[in-house]
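Build the full structure now, drawing on both the sequences and the hints.
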Amino acid sequence: MAGEPRRPLVAFEAEDLGHDDQVVLPRLTLALYPDERIALLGPSGAGKSTLLGALRLRLGDAAAWCPQQHGLVPQLAVYHNVYMGRLAEHSALANLWNLVRPLAGPWRQVAELCESLGLAGLLRRPVGQLSGGQRQRVAIARALYQQRELFLGDEPVASVDPHQALRLLGLIEARHTTTVIALHQRELALSHFDRVWGLRDGQLVIDAPAQQLTLADLDGLYPDADTLAASPQEETAPQMPDPEALPCARGRP
Amino acid sequence: MSADLTERPGHGRYWWRGNSTGLKLARHTLALLALAVVMVPFADLEILTRDPWGELARMAQGLAWPAWGSLESPLQALGLTVAVALWGTLGGMLLGFPLALLFSRSRLVRAGCAFVRAIHELFWALLFLQVFGLSAATALMALAIPYAGIFAKVYAEILEQLPSAPRDALPRGVGRLSRFIYAELPLAWARLSAYTRYRFECGLRASVLLGFVGLPTLGFQLETAFREGRYHEAGALLWLFYLLIASLPWWGHRRLLPLLALGGALLLGPWPAVEGGLLWRFISQDIWPPALLEGDWRGLIDWLARIPNLGPAIGNTLLLGLLGSVGALLVALALWPLASRHFGNPATRLAGRGLLIFLRSTPELMLAFFFLLLLGPSLLPAWLALALHNGALIAFLVARHADAITTGMPGVNASGRLAYELLPRLYPGILALLYYRAEVILRETAILGMLGVATLGYYIDENFEYLLFDVAFFLLLVTAALNIAVDALSRRLRPKETAVIDDPCQR
Numbered sequence: 001m002a003g004e005p006r007r008p009l010v011a012f013e014a015e016d017l018g019h020d021d022q023v024v025l026p027r028l029t030l031a032l033y034p035d036e037r038i039a040l041l042g043p044s045g046a047g048k049s050t051l052l053g054a055l056r057l058r059l060g061d062a063a064a065w066c067p068q069q070h071g072l073v074p075q076l077a078v079y080h081n082v083y084m085g086r087l088a089e090h091s092a093l094a095n096l097w098n099l100v101r102p103l104a105g106p107w108r109q110v111a112e113l114c115e116s117l118g119l120a121g122l123l124r125r126p127v128g129q130l131s132g133g134q135r136q137r138v139a140i141a142r143a144l145y146q147q148r149e150l151f152l153g154d155e156p157v158a159s160v161d162p163h164q165a166l167r168l169l170g171l172i173e174a175r176h177t178t179t180v181i182a183l184h185q186r187e188l189a190l191s192h193f194d195r196v197w198g199l200r201d202g203q204l205v206i207d208a209p210a211q212q213l214t215l216a217d218l219d220g221l222y223p224d225a226d227t228l229a230a231s232p233q234e235e236t237a238p239q240m241p242d243p244e245a246l247p248c249a250r251g252r253p
Numbered sequence: 001m002s003a004d005l006t007e008r009p010g011h012g013r014y015w016w017r018g019n020s021t022g023l024k025l026a027r028h029t030l031a032l033l034a035l036a037v038v039m040v041p042f043a044d045l046e047i048l049t050r051d052p053w054g055e056l057a058r059m060a061q062g063l064a065w066p067a068w069g070s071l072e073s074p075l076q077a078l079g080l081t082v083a084v085a086l087w088g089t090l091g092g093m094l095l096g097f098p099l100a101l102l103f104s105r106s107r108l109v110r111a112g113c114a115f116v117r118a119i120h121e122l123f124w125a126l127l128f129l130q131v132f133g134l135s136a137a138t139a140l141m142a143l144a145i146p147y148a149g150i151f152a153k154v155y156a157e158i159l160e161q162l163p164s165a166p167r168d169a170l171p172r173g174v175g176r177l178s179r180f181i182y183a184e185l186p187l188a189w190a191r192l193s194a195y196t197r198y199r200f201e202c203g204l205r206a207s208v209l210l211g212f213v214g215l216p217t218l219g220f221q222l223e224t225a226f227r228e229g230r231y232h233e234a235g236a237l238l239w240l241f242y243l244l245i246a247s248l249p250w251w252g253h254r255r256l257l258p259l260l261a262l263g264g265a266l267l268l269g270p271w272p273a274v275e276g277g278l279l280w281r282f283i284s285q286d287i288w289p290p291a292l293l294e295g296d297w298r299g300l301i302d303w304l305a306r307i308p309n310l311g312p313a314i315g316n317t318l319l320l321g322l323l324g325s326v327g328a329l330l331v332a333l334a335l336w337p338l339a340s341r342h343f344g345n346p347a348t349r350l351a352g353r354g355l356l357i358f359l360r361s362t363p364e365l366m367l368a369f370f371f372l373l374l375l376g377p378s379l380l381p382a383w384l385a386l387a388l389h390n391g392a393l394i395a396f397l398v399a400r401h402a403d404a405i406t407t408g409m410p411g412v413n414a415s416g417r418l419a420y421e422l423l424p425r426l427y428p429g430i431l432a433l434l435y436y437r438a439e440v441i442l443r444e445t446a447i448l449g450m451l452g453v454a455t456l457g458y459y460i461d462e463n464f465e466y467l468l469f470d471v472a473f474f475l476l477l478v479t480a481a482l483n484i485a486v487d488a489l490s491r492r493l494r495p496k497e498t499a500v501i502d503d504p505c506q507r
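Protein chains in written order, with the UniProt record's numbering: chain X, 1 to 253; chain G, 1 to 507.
Hints should not be assumed to be uniformly reliable.
[As the list claims (entries may be wrong)] Away from chain X, derived, C-beta distances all over 12 Å, residues of chain G:
#1 G54
#2 M59
#3 L78
#4 L134
#5 S135
#6 E160
#7 P171
#8 L187
#9 C202
#10 L240
#11 I245
#12 V274
#13 G299
#14 P308
[As the list claims (entries may be wrong)] Coverage of chain X stretches by chain G, computed from C-beta distances (three or more under 8 Å per stretch; other residues unrestricted):
#15 63-69
#16 77-90
#17 94-106
These aren't lab readings, by the way, just hints derived from the structure by calculation.
Where a beta carbon is used, it is the ideal one built from N, C-alpha and C, also for glycine.
Written as structure tokens, this is what we have:
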């Protein structure tokens with residue numbers, strides 16, 4: 001796949017990524033190609049959000065964005081929170097009026113979208129009154145409503161049950177050609193994505209097609225799994241597809 | 001005094017050494033107390049009336065048997081009081097809100113707001129009285145202008161503390177206004193309206209006080225009745241005021257406010273016939289020293305030399321501020337357990353809460369006036385009034401905070417609960433609140449001068465009376481500078497590493 005002469009959407013070459021003065025991902029080399037579905041794995045604090053933030057900055061208006069803390073306004077209704085995805089496309093006056101009385105066009109579109117996400121009938125309810133899973137779906141609805149080519153999601157399916165997670169990922173994929181989604185469910189990463197990026201301690205330790213990886217490979221990302229999975233790791237190590245993509249040996253101290 | 005690092009934690013001797021928060025706060029408090037004790041001999045605390053107890057008994061009788069029948073049109077005074085408070089607060093809000101949006105960006109706006117805040121509502125009233133006379137314009141501007149400064153600061157603080165996640169989640173290219181109405185205003189709304197509501201309550205107290213400079217609000221009749229010794233009538237008016245405050249949740253309901261505002265607008269009056277020329281002369285000439293306007297520097301020095309010696313007045317103002325703050329601390333420490341669910345029985349708690357509500361809703365000038373009649377014109381009545389009013393206000397907040405605490409050890413006796421469970425958790429907050437209030441207390445000391453206590457306010461009042469506007473305005477500037485300096489000082493001294501009690505009443 002790496003040999004195809006496609007132009008990457010974004011490419012980092014030995015770049016330091018971080019926020020303020022703190023470098024979280026030093027000397028990162030990475031490329032995102034069109035039409036790829038990428039699962040971003042790694043323990044908490046490994047730099048997933050930083051990487052997604054940097055991608056969002058590079059991709060600009062091309063990417064829909066579904067942040068980890070959802071960024072919802074609890075006092076506003078579901079409809080208004082979803083509408084905020086396209087706030088920039090309307091004039092301030094229209095936005096103001098929309099708070100008083102929803103605009104007909106957007107209302108129809110949002111209602112349709114919410115129905116497919118299982119939020120039908122909740123459009124007028126303040127987000128603060130919803131359950132965690134419902135809020136998560138509102139955040140996804142907002143990102144879908146942006147109608148962009150790409151989808152960047154920071155753990156968008158973290159607090160829903162496995163079946164729902166599958167359905168939501170399906171919805172996201174159906175509407176975007178390229179997706180980068182951070183998640184914790186390793187099985188889902190292998191079964192549902194083309195490629196896996198694995199971060200550990202600020203290093204990209206996995207960048208490989210999902211078919212060539214096993215669950216044990218992914219375990220290597222999580223320090224707490226090291227002790228448990230010491231032997232399977234050694235077995236799978238020779239199968240690693242591309243040593244170039246693994247700047248750091250897994251299982252290092 | 002270099003501390004030996006290997007020294008064992010002392011027992012007995014040197015117990016005050018150490019770096020824990022508790023010890024730091026204890027040293028801080030003891031230093032404050034010691035300073036107050038050292039300064040007390042410099043304060044004039046004489047009792048000047050011959051028969052304070054007899055006077056007190058007559059006042060108590062007046063409060064116990066209010067003479068409802070002898071009130072002259074109390075409803076009109078009441079209506080005007082509410083109307084002035086409502087429209088004054090609204091005016092402050094309309095002026096303050098745009099300023100809040102500029103607050104963090106413009107040093108000029110911050111300085112301007114600090115200046116208008118530093119001058120008490122009554123002094124603004126005295127100033128506008130010279131131009132607009134005894135009219136609604138004077139009353140409204142006296143409230144709206146300082147409140148604009150306060151709203152600007154508090155609103156700006158609230159907006160600054162909003163979570164940034166909703167803003168960060170917005171797509172690029174969203175306009176400033178759209179971002180504000182979708183991702184900021186809804187999040188801030190509850191706190192903004194709670195603070196505005198609290199300010200309206202302060203506005204009610206201030207509106208009553210405007211009667212003391214002659215505006216026909218409730219305070220006017222109250223002051224006359226008190227001064228003339230008609231205590232039964234004064235008692236009735238006081239009860240009327242307490243009822244007004246206590247019933248605020250009902251008549252001040254959100255849905256009723258537009259109706260109140262409309263009705264209030266009809267009650268406001270009389271409106272002055274403003275002469276532009278006169279107003280301009282006042283602003284451009286009357287309040288400035290003539291020598292300054294002519295550019296005559298020698299004359300300006302002569303003018304300054306003719307101003308009475310301000311040393312004692314400034315000294316008294318600061319002294320009263322210090323004593324008032326320390327007194328408020330002691331009152332708060334003594335009173336908060338009375339209203340807390342951790343102590344006493346339902347009856348004592350009800351009485352304690354009643355006492356706190358009574359003390360904190362009585363305007364401090366009113367309390368001072370009451371003690372002044374009782375004890376004569378020294379610093380003592382002013383000190384008592386400041387300590388009781390502000391102490392009760394702090395105690396009320398502390399008790400509310402304490403009620404939210406679940407103690408870890410059940411079955412400890414009351415003193416143990418106070419000393420081991422509650423006070424260690426609450427004291428940092430109490431001290432922080434006190435330092436917040438210190439600036440308010442100083443602002444109030446100045447205003448007590450209007451009752452004859454020899455603070456800066458006394459000279460301001462006097463010079464307005466003699467129509468020496470240039471001197472009065474200069475003294476106002478001195479007062480404002482003093483307040484700003486003390487505010488900065490208390491901000492530095494305030495204990496930092498503390499859990500602050502959530503305070504809707506920072507000022």
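Structure-based check of all given hints:
1. G54: holds, 58 Å
2. M59: holds, 49 Å
3. L78: holds, 36 Å
4. L134: holds, 42 Å
5. S135: For S135/G, whose nearest Cβ neighbour in chain X is about 37 Å away, the distance exceeds 12 Å, so it holds.
6. E160: Given a closest Cβ separation of 17 Å, the condition holds.
7. P171: violated, 5 Å
8. L187: violated, 6 Å
9. C202: holds, 26 Å
10. L240: holds, 38 Å
11. I245: holds, 30 Å
12. V274: holds, 36 Å
13. G299: holds, 55 Å
14. P308: holds, 56 Å
15. 63-69: Holds, because 3 residues of the region 63-69 of chain X bring their Cβ atoms closer than 8 Å to Cβ atoms of chain G.
16. 77-90: Three-residue rule met by the region 77-90 of chain X, so holds; n is 7.
17. 94-106: holds (count 3)
Hints 7, 8 from the earlier list are contradicted by this structure; the remaining hints agree with it.
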